[in-house]
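Participant: Read top to bottom, the protein sequences are chains L and D.
According to my numbering, the first sequence is numbered sequentially starting from 110.
According to my numbering, the second sequence is numbered sequentially starting from 110.
By construction, these hints were calculated from the structure, which means they are not laboratory data.
Keep in mind that a hint or two might mislead.
Where chains are identical, the list cannot tell them apart; a pair therefore holds if satisfied intra-copy or between any two copies.
[As the list claims (entries may be wrong)] With a straight-line Cα cutoff of 30 angstroms, these simulated DSS-like cross-link-like pairs (lysine-lysine) come out: (1) Lys387 / Lys174; (2) Lys212 / Lys354; (3) Lys402 / Lys207; (4) Lys354 / Lys138; (5) Lys283 / Lys138.
None of these values were measured; they are calculated from a predicted model.
Number of protein chains: 2
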Amino acid sequence: MTDFQKQLEQYMLVIDEKLQYYIDSIEEKSIVSEAMQYSLMNSGKRIRPVLALAFCDMLGGDIQKALPFACAVEMIHTYSLIHDDLPCMDDDDLRRGKPSCHKQFGEAYALLAGDALLNLAFEIMFGRFEQIDAPLAMECGRILSSYAGIDGMIGGQTIDLESEEKQISLELLKKLQALKTGKLLTAPCKIGVLAAGGSKEDLTLAEQFGMDIGLQFQIVDDILDVTSTAEVLGKPIGSDAQNSKSTYVSLLGLEQSAQMAEQLKEKSLQQLAQYGDKAAFLKALVLELSRRKK
Amino acid sequence: MTDFQKQLEQYMLVIDEKLQYYIDSIEEKSIVSEAMQYSLMNSGKRIRPVLALAFCDMLGGDIQKALPFACAVEMIHTYSLIHDDLPCMDDDDLRRGKPSCHKQFGEAYALLAGDALLNLAFEIMFGRFEQIDAPLAMECGRILSSYAGIDGMIGGQTIDLESEEKQISLELLKKLQALKTGKLLTAPCKIGVLAAGGSKEDLTLAEQFGMDIGLQFQIVDDILDVTSTAEVLGKPIGSDAQNSKSTYVSLLGLEQSAQMAEQLKEKSLQQLAQYGDKAAFLKALVLELSRRKK
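Please take these sequences and the hints and turn them into a complete structure.
Facilitator: Written as structure tokens, this is what we have:
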């Protein structure tokens with residue numbers, strides 16, 4: 110196992126334990142709390158909370174300070190997946206190889222489980238479950254709530270809905286992606302910096318880094334949808350073309366998309382260079398994301 | 110116009126102006142922001158934010174300090190109505206005499222409008238739109254988020270779902286109602302006290318007062334569903350019996366229910382007595398709620 114893999118496993122362990130702690134803290138056990146558990150603890154990659162801990166670590170902070178906010182980001186991510194999978198949205202029956210939340214528990218309970226996870230993220234940040242550093246909570250809460258809301262992720266979901274079955278411009282695709290996935294990857298990077306007491310420059314870098322890897326991630330997704338196989342990907346390929354969805358590949362072609370992903374990777378690595386060895390984990394994460402096959 | 114009516118109109122004006130300010134502050138105008146505007150500004154009675162301002166006023170506080178949190182409560186109330194009206198929940202086509210949000214904008218946009226309103230409530234409390242008093246925001250945010258979540262309102266919605274088409278005990282009905290509607294009436298009372306810098310005793314009273322008028326409100330609702338006419342009520346009567354829903358009337362009978370509502374009214378008035386003339390508005394509000402015909 111490489112140092113990167115060891116560190117990643119360590120982070121994921123810490124994150125999963127804390128997420129489970131919050132779920133266990135729910136007083137009213139019900140089908141909804143079961144559905145929350147099911148979707149939240151469904152072996153996700155935990156990229157967002159890992160980014161928060163890694164940024165905090167890189168700047169010499171205590172990851173325990175970043176952890177509640179990192180978990181809040183993951184809950185918001187999970188709620189958005191539950192609601193996105195609902196019949197009135199993408200109508201997806203599968204999520205990470207298992208029945209999606211509404212397939213398992215029914216639509217009404219899935220709707221409430223999503224609502225409850227979004228709400229729980231804020232209960233955490235307002236310190237319902239532990240003593241919380243108030244100035245840090247106010248800063249992280251302001252970032253996360255605005256990046257998740259109508260001018261952030263929900264704004265991106267809205268453009269996505271409005272663009273269904275339509276050809277859209279590269280400019281609008283970039284905006285859609287930046288809001289829908291970029292913002293919620295950027296928020297944990299900034300949270301990690303704030304928890305470590307980083308500088309304004311660190312914060313600016315974290316913002317750019319989050320947007321860049323979000324874009325890189327999306328382009329690689331679009332490429333894999335064309336070049337991979339269903340076996341490797343674990344879901345049907347060619348689904349974007351079938352849904353007449355505008356993607357980086359459909360708008361720029363395969364070669365130019367691959368170039369763009371490569372450039373973004375190089376840019377992210379260069380940005381991290383100033384942190385030297387302390388950025389080893391984040392550099393390896395960038396390489397991992399660019400090399401992924403699914 | 111009575112002093113009560115004048116004061117109520119004044120409060121509602123202040124609340125509606127502030128709610129509109131937040132909606133206008135959304136940067137990404139879209140069908141979703143339009144749906145948020147539609148449901149939020151749909152001439153609601155504003156009971157929850159009025160309670161926050163009235164408690165703040167009674168204790169000599171500045172209502173401007175309570176106002177952002179009062180608006181946050183109203184947004185959470187509105188999101189819960191939008192999601193409750195969805196086909197997978199109560200499947201209601203009408204809300205306050207107009208098409209419900211999903212009837213007007215479609216299910217997907219209504220889902221996102223609900224999500225966005227819940228999120229916006231927290232953006233407000235974390236000070237996205239104005240300078241906000243951090244210690245007050247942390248206290249109000251902790252109360253409101255936990256009262257709105259899985260151990261509060263959503264917990265009540267869950268019991269409601271689980272109890273559909275079932276006879277339930279009086280005890281469970283009380284718990285359901287306390288969570289589903291009581292918590293979100295109690296939160297603004299406590300917020301008003303906190304914004305005015307009230308004492309621990311004021312806070313305890315606000316908690317009890319909120320639960321009591323929530324219960325009183327529900328019992329009167331159940332009574333009207335049996336004794337009123339569709340013309341006066343603006344919606345079909347007898348719907349609870351038709352849906353085999355357990356209510357205070359079905360469990361206790363009409364007479365005992367009316368007695369219980371009367372006792373709660375008297376209790377609320379007695380509690381307010383210690384504040385003398387300063388409680389005039391809240392006393393009138395309690396009487397108004399008990400006398401209402403719809």
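Participant: Against each hint, give a clear statement of whether it holds in the structure.
Facilitator: Tested hints:
1. Within a single copy, Lys387 and Lys174 get their C-alpha atoms as close as 19 angstroms, which meets the 30 angstroms cut-off; across copies the closest is 45 angstroms, which misses it.
2. When the C-alpha separation of Lys212 and Lys354 is checked against a cutoff of 30 angstroms, the pair qualifies both within a copy, at 25 angstroms, and between copies, at 27 angstroms.
3. Proximity of Lys402 to Lys207 under the C-alpha cut-off of 30 angstroms is restricted to the intra-copy arrangement: shortest distance 20 angstroms within a copy versus 50 angstroms between copies.
4. For the identical chains of this complex, Lys354 and Lys138 are inter-copy neighbours only, at 23 angstroms across copies versus 40 angstroms inside a copy, given an alpha-carbon limit of 30 angstroms.
5. Proximity of Lys283 and Lys138 under a CA criterion of 30 angstroms is satisfied inter-copy only: 17 angstroms between copies versus 41 angstroms inside one chain copy.
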